[in-house]
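In case you want the letters, here they are:
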Amino acid sequence: MNNKQLISEMSRRSGLSVADTQTMINGLVAEMTEVLVSDGAVTIKQFGSFEVKKKMERVCQTPSGQKVLVPPRLVLSFKPSPVMRERIGEEEL
Amino acid sequence: MGNRASLSELTEALASRCAAGKKQTEQFVHLFFDVVADNLLKDKIVKVRGLGTFKLVNVDERESVNISTGERIVIPAHSKFTFTPDPVIRDEINKPFADFEATPLNDDINLDEINAIGDEPDNIDTPEQGAEMPDEMKGIEAPAPVLSGIHSVGGRAVEAEAEEQKTVAIGGAPETGDEGRGTAVSLSSSDIEEASDTDVSETPEEADDEDNSDVEEETEGRTADIVETEPAAKPSASSDLSQPSDSSEFPKATDPSDTAAPAEHLEPGELPTDSEVKPTATADRTNHVGEATEVDDAVLVKRASVVEHADIVHNATIMSERKSRWWVMPLLLMCALLLFSLGYYLGGGDRLHIKSLASDLIVKAKQKSSKADKKAAITKEDSIKAEEAKQRADREAAEKAEREAKEREARELEEAIARYPQVKDGKFLIIGSIGTDTMRVGRTLLNISRKYYGTTDYVEYICIMNGINNPDIVPKNAVLNLPKLRHKE
Chain A
32 MNNKQLISEM
42 SRRSGLSVAD
52 TQTMINGLVA
62 EMTEVLVSDG
72 AVTIKQFGSF
82 EVKKKMERVC
92 QTPSGQKVLV
102 PPRLVLSFKP
112 SPVMRERIGE
122 EEL
Chain B
195 MGNRASLSEL
205 TEALASRCAA
215 GKKQTEQFVH
225 LFFDVVADNL
235 LKDKIVKVRG
245 LGTFKLVNVD
255 ERESVNISTG
265 ERIVIPAHSK
275 FTFTPDPVIR
285 DEINKPFADF
295 EATPLNDDIN
305 LDEINAIGDE
315 PDNIDTPEQG
325 AEMPDEMKGI
335 EAPAPVLSGI
345 HSVGGRAVEA
355 EAEEQKTVAI
365 GGAPETGDEG
375 RGTAVSLSSS
385 DIEEASDTDV
395 SETPEEADDE
405 DNSDVEEETE
415 GRTADIVETE
425 PAAKPSASSD
435 LSQPSDSSEF
445 PKATDPSDTA
455 APAEHLEPGE
465 LPTDSEVKPT
475 ATADRTNHVG
485 EATEVDDAVL
495 VKRASVVEHA
505 DIVHNATIMS
515 ERKSRWWVMP
525 LLLMCALLLF
535 SLGYYLGGGD
545 RLHIKSLASD
555 LIVKAKQKSS
565 KADKKAAITK
575 EDSIKAEEAK
585 QRADREAAEK
595 AEREAKEREA
605 RELEEAIARY
615 PQVKDGKFLI
625 IGSIGTDTMR
635 VGRTLLNISR
645 KYYGTTDYVE
655 YICIMNGINN
665 PDIVPKNAVL
675 NLPKLRHKE
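Protein sequence lines, in the order shown, are assigned to chains A and B.
Positions 32 to 124 (our numbering) are the ones given, in order, by the first sequence.
Positions 195 to 683 (our numbering) are the ones given, in order, by the second sequence.
Hints listed in this document are in silico derivations from the structure and should not be mistaken for laboratory results.
Certain hints may be false.
What the hints assert, rightly or not - Each pair of labels, with its calculated beta carbon distance range:
| no. | chain 1 | residue 1 | chain 2 | residue 2 | range |
| --- | --- | --- | --- | --- | --- |
| 1 | B | Ala587 | A | Arg43 | 27 to 37 Å |
| 2 | B | Arg680 | A | Ser48 | 37 to 47 Å |
| 3 | A | Ser39 | B | Leu235 | 42 to 52 Å |
| 4 | A | Ser108 | B | Ala570 | 13 to 23 Å |
As the list claims (entries may be wrong) - Covered stretches of chain B (chain A as the covering partner; in silico rule of three or more C-beta atoms under 8 Å from a C-beta of chain A):
| no. | segment |
| --- | --- |
| 5 | 202-214 |
| 6 | 221-235 |
| 7 | 289-300 |
| 8 | 600-609 |
Note that CB positions come from ideal geometry on N, CA and C, so glycine has one too.
Isolated chain A, as found in the complex (with noise of 0.2 Å):
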């Protein structure tokens, strides 16, 4: 599924209109993304919960043999709730 079509079927369910809706997931995404940077977390109960974690600079080796400094960086991660792995029937590990 693709943009286009989450954005049809929640106008569908919502009753908005389609501008509307784009608008409103746009905000949505616009407003997590601030929210992740600035607190580094989002928890969804029903989902899930985004995260923002560090990566630690590290040493690793290019398949020719040459060594390359991995520079820090701030990745985002997800992990899906209990609800929703019971959903999706991922055994918990």
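Given chain A's structure and the hints, the job is docking chain B onto it.
Showing chain B alone in chain A's frame:
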């Protein structure tokens, strides 16, 4: 990063951003994640622009071993949730570290050192020095023998020089003295260049010993000694020549002056005796003395005068020798020190270079990180300010809209309240209609109340709304208008 934003916070922020009602926004957000979850189950993949891709990946059944018990267990096939952030959000989140780039490392940089330096930036040099100590020790040890070699050679050379000077002085020619000194100096310098050959250092020693022993001997004819020293030195020189060593330079250098000194500057009368002595001289000293006594009386007188002269000159030369020794020694020491430092620099130079390179790298990295931090701090401040301003504006607009809406609502409410009949002393106000229903056979007002309001308490309001005075008597198939209620507060 401690506080986790929850759905309600997110909803609030979104409501103020989109200037929409809070309830509506909350519903929307709930719906959004429901839709994502539903479609994820249906399609196995959902892409949200700006956020990322949610995916369900099927994992096949596989066997595993319980580490603690060693029991083999089968992990059943299941699906795994994966999320890949959109490049937009990924870059936005990684902004504080965006300035960093992956840097290829040289092979000769020891990573342990870098880590150690990273931990203790103040002790940059200590681990490095410790690590390179063995190499440097070698480097230090190598020049040390050179130094001693030079030192000893230098000292001996000085002595040898002094001896030569003495012999030359006895000959009575200052020029040859200079020559002798020149050769001695050239000898010592050549030795220094060759960085100490033991053979070379030994040869002057031997010569010295023989010379010294000769000097110590109190012979009536000092010239005999002089004559004797030459052959004595010669065999050692020639023996050295036969050896395939660098010392060949020494005899070569000393030979001409030694041989030239007596040949040129001894008195003509002595020349024949010298030439006579020379072939046999190599045997032993007593022979020379014997030979010397055989020389004519005239020659003896001459020789005596020469000896007297030689004594005076000898004293003078001893003084000058001491003087020359006095300033030559520190000079040589300085030379040695210079050479030593030069050697150390050349030997340890590239290592030093690497060290400086490494420290440069570290300093650069630090600067970069600090710059990035500063930049991030500045941008963050700016963004926070902008955000605050925006939020304030949004809040004001929302408040205004809300106030207007409230006023409008209140007005409408008043009108509605005025329009509909109200229950006196009731908890609720009738403000509109939610629909109609027909009183069919078997239906009661209680039923209807329960159906629409979830409780039987609202019969009174329904009656008022429809003008029914007695709730027990309702006309058949009467169309009831169901009131929309609002709590009085």
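Status of each hint after checking the structure:
At about 33 Å, the CB distance of alanine 587/B to arginine 43/A agrees with the hint of 27 to 37 Å. Between arginine 680/B and serine 48/A the beta carbon distance is about 29 Å. The supplied range of 37 to 47 Å is therefore violated. Our hint of 42 to 52 Å for serine 39/A and leucine 235/B is violated, since their Cβ atoms are close to 18 Å apart. Checked against the hint of 13 to 23 Å, the pair serine 108/A and alanine 570/B passes, with Cβ atoms roughly 21 Å apart.
Given a C-beta distance limit of less than 8 Å, the hint that chain A covers the segment 202-214 of chain B holds, as 7 residues qualify and 3 suffice. Taking a C-beta to C-beta cut-off of 8 Å, the segment 221-235 of chain B contributes 14 residues in contact with chain A, enough for the three needed, and the coverage statement holds. For the segment 289-300 of chain B, the stated coverage by chain A holds: 9 residues have a C-beta nearer than 8 Å to a C-beta of that chain, and at least 3 were required. Counting residues of the segment 600-609 of chain B whose CB falls under 8 Å from any CB of chain A gives 0; the rule of at least 3 is not met.
Going down the numbered hints, you'll see the structure goes against 2, 3 and 8, while the others check out.
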